[in-house]
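> Residue numbers (this note's numbering), protein chains in the order written: chain V, 1 to 394; chain P, 1 to 394.
Take these hints with a grain of salt, some might be off.
Incomplete in silico selection of chain P near chain V, CB under 8 angstroms [to be verified]:
hint, residue
1, Asp-36
2, Glu-135
3, Gly-218
4, Ile-221
5, Leu-236
Simulated crosslink set (BS3-like; lysine-lysine; CA at most 25 angstroms straight-line) [to be verified]:
hint, chain 1, residue 1, chain 2, residue 2
6, V, Lys-185, P, Lys-243
7, P, Lys-9, V, Lys-243
8, P, Lys-273, V, Lys-185
9, P, Lys-18, P, Lys-163
10, P, Lys-9, P, Lys-24
11, V, Lys-243, P, Lys-243
12, P, Lys-128, P, Lys-24
13, P, Lys-20, P, Lys-9
14, V, Lys-198, P, Lys-185
15, P, Lys-243, V, Lys-9
16, V, Lys-163, V, Lys-120
17, V, Lys-128, V, Lys-91
Calculated directly from the structure, the hints in this document are not laboratory data. All of these numbers come straight from a predicted model, not from anything done at the bench. Cβ coordinates follow ideal geometry from the N, Cα and C atoms, glycine included.
Protein chains: 2
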Amino acid sequence: MQQYPVIPKEEFIDRQQKVKAFLKENALDLFIAYADDKAVYGPAYARWLFNYAPHFEPCCILIPAEGEAVILTGPESDQFIYATSHCRNVKVINEFSHPGEEYLFAQVTTLESVIGQMRKELDRDISKVGIVGLEMIPHLLYEAMGAIFGPGNMVDIEYQMLKLRAIKSENEIRVIEYAYFIAEKGLQAAIRSIAEGKSEREIAAEAEYTMRRLGSEGMGIDTIVASGVHNTYPVLARTTHRKIGQGDLVLLTIAPRYEGYHGALGMPVILGKPDKAVEEAMTAAIEAQHAAKDALRPGTPGHVVDRAARQVLEKAGLQSHVQYSAIHSVGVIEFEAPILTSAYRDEVQENMVFSIDIPLFSAPWGGLRFENGFHVTKDGARPLQTVQPEIICL
Amino acid sequence: MQQYPVIPKEEFIDRQQKVKAFLKENALDLFIAYADDKAVYGPAYARWLFNYAPHFEPCCILIPAEGEAVILTGPESDQFIYATSHCRNVKVINEFSHPGEEYLFAQVTTLESVIGQMRKELDRDISKVGIVGLEMIPHLLYEAMGAIFGPGNMVDIEYQMLKLRAIKSENEIRVIEYAYFIAEKGLQAAIRSIAEGKSEREIAAEAEYTMRRLGSEGMGIDTIVASGVHNTYPVLARTTHRKIGQGDLVLLTIAPRYEGYHGALGMPVILGKPDKAVEEAMTAAIEAQHAAKDALRPGTPGHVVDRAARQVLEKAGLQSHVQYSAIHSVGVIEFEAPILTSAYRDEVQENMVFSIDIPLFSAPWGGLRFENGFHVTKDGARPLQTVQPEIICL
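With the rest of the complex left out, here is chain V (with noise of 0.2 angstroms):
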């Protein structure tokens, strides 16, 4: 394996060119991102667009449908964005300045100043504007938006520039691979590590160590190391100071973020011998995974995806443990569009990356989940790790 593949910087000019051509085709002036440092959903579009990572102060990214783009940040972060993105054009504005602080030497604009400028130099009109991560957006900053532009002539675009994201590019293919690559080696050191008396922590220690040493950069979500009924039960865990004890079911998910990608993996593993309950449950989730990758291929609606592997859980009696719709997309968000939902009618693409994400939670017994990634290829999901989901008893 390649060590440390990236994204070129020509890629990332290449995508601010399909976003000029969407503005351009669906008649609008300029296209607004916001991106934060949310764990799991914040810095997407800076990320995807910049290479820029947001921390600690919030940014806008603005790509007029001609002219030069702009991020607009705080007073803390400006110098941050030309270390690490190649972008050359930053202002600060007060709208993300931080109440409280002050800064003595910052030139600080605002949102209606910049809008004001770039109408000038542009020498023509921006009044119609394309918004992703509107959900996210902060009212106070909306409304400076709204007054700026009118309510009625934001449009959410949110699902479109999704669909652009969706198809990956060699170079996304080979960065995700190390992300998987990156997420199997923190899988196997948390396998390893697990042992009576250990603490939940511990093992997470071990994964993060192993993967941060390999080029992560962090979590896409928090590793979760969860142990017993109480811990697993929960879609989400907390990975906690509990000490593994003999015959626990400890669940595993593990999401590296690199390069603004990720890996990620699930696995519950005992310690010890399972119980019938935990035993038929991993069967089942096993073969719901195999059902689901066996169905995901080019030109398959996505439903049919979800169907393939709630038919086996079904049969089993666990349906009303598949607490959400788990077969999600992977890129710069850990779970990401497209979702296969029994909503969803849209055919699977080649090129696509999912991770088929089998959960079973709120249950007598706690919860697991068999979570591993695949590259769609016009053969088939293409496996993105060497471990097979199975049934491992330490």
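Assemble chain P onto chain V, guided by the hints.
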């Protein structure tokens, strides 16, 4: 050092009582706190009131002046809240659902219906609300609140609640002390691992591994291992694959989160001998930190502490490199109010906890910070670490 100090459940309940008392004193009917998984600011109020750290989905905490509190969240978090906090009243609302997802077995309500039910059960009007986390509230949620309460009835009480949070209890001091203990061990592990040819990310791996094994949950601000002029130049940095070279300035910023609280240490290290300019900057920053520490005692107006540090830096001709006001409180946010700016007139009080961060950035030679933590006692500022700010040459 006692292992694993925690905030006892009674203290969380006591905090809610204080919020209720505040509501009554101010003729408010309901307290609303928004929280999410933004890396630095997101979880603050959920952690402070319910020991709950939202992840993946946001939440809103509603505390009526009389009656039981409720946490509103998305369909994947209700059992997560029950498993990790003492809250026993969680409702899933549509406003926090994930678009494109499908929850076949979830019971989902709306903010409006929750408030309607609360009015009925408590048999009283709920119209005047005090809000915190307002700055972060997504606009759709804010509009839903506005439609229910009327914008004129929504009062921002962030400032008053920050005042409540600013004075730390004995339990909080113990937890923060432990966070600094972890931070110090992490810092030392990082320093030990610095060597020619080691990458920034490998050094971060050593710091984080050490801290995770000691109980850290994650980071209050991303671990910074920045080296060389380009990477140390900005206030924030992304820890990269860059390999440390002879003569490099290496900036470490280590801020673990432990039980929702933080420690934060910043230390520059030189591999070799420092340039004259770097040595002068280091000497001035250390002197500035000592000056601020000496000024930091109960009764001193905040701006006096800021002045003490700035005066030293001005004398050294370095004032324009101080890019932000960096003497700030530490608690459930790594960088929280009060921030001792030149405009901060209130007095420092006993049992506040401050980080004295002396930042010098955007210099021709790059940037650095000396950051250490102090507990304000009646006798002055008590260091929360044993490491001293000093010029370290490896």
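> With reference to the structure, classify each hint as holding or not holding.
Against the structure, the hints:
1. Asp-36: Cβ of Asp-36 of chain P sits 6 angstroms from chain V, so the hint holds.
2. Glu-135: holds, 6 angstroms
3. Gly-218: holds, 7 angstroms
4. Ile-221: Ile-221 of chain P check passes; min Cβ-Cβ to chain V is 7 angstroms, inside 8 angstroms.
5. Leu-236: holds, 4 angstroms
6. V:Lys-185 with P:Lys-243: Holds - the C-alpha atoms of Lys-243 of chain P and Lys-185 of chain V are around 23 angstroms apart, at most 25 angstroms.
7. P:Lys-9 with V:Lys-243: At roughly 21 angstroms apart (the allowed maximum being 25 angstroms), Lys-243 of chain V and Lys-9 of chain P satisfy the hint.
8. P:Lys-273 with V:Lys-185: violated, 38 angstroms
9. P:Lys-18 with P:Lys-163: holds, 12 angstroms
10. P:Lys-9 with P:Lys-24: holds, 23 angstroms
11. V:Lys-243 with P:Lys-243: violated, 37 angstroms
12. P:Lys-128 with P:Lys-24: The hint holds at about 11 angstroms.
13. P:Lys-20 with P:Lys-9: Holds, at about 17 angstroms.
14. V:Lys-198 with P:Lys-185: Cα-Cα ~21 angstroms, so holds.
15. P:Lys-243 with V:Lys-9: Holds, at roughly 21 angstroms.
16. V:Lys-163 with V:Lys-120: Violated. Lys-163 of chain V to Lys-120 of chain V sits at ~33 angstroms, over the 25 angstroms cutoff.
17. V:Lys-128 with V:Lys-91: Roughly 21 angstroms between the alpha carbons, so the hint for Lys-128 of chain V and Lys-91 of chain V holds.
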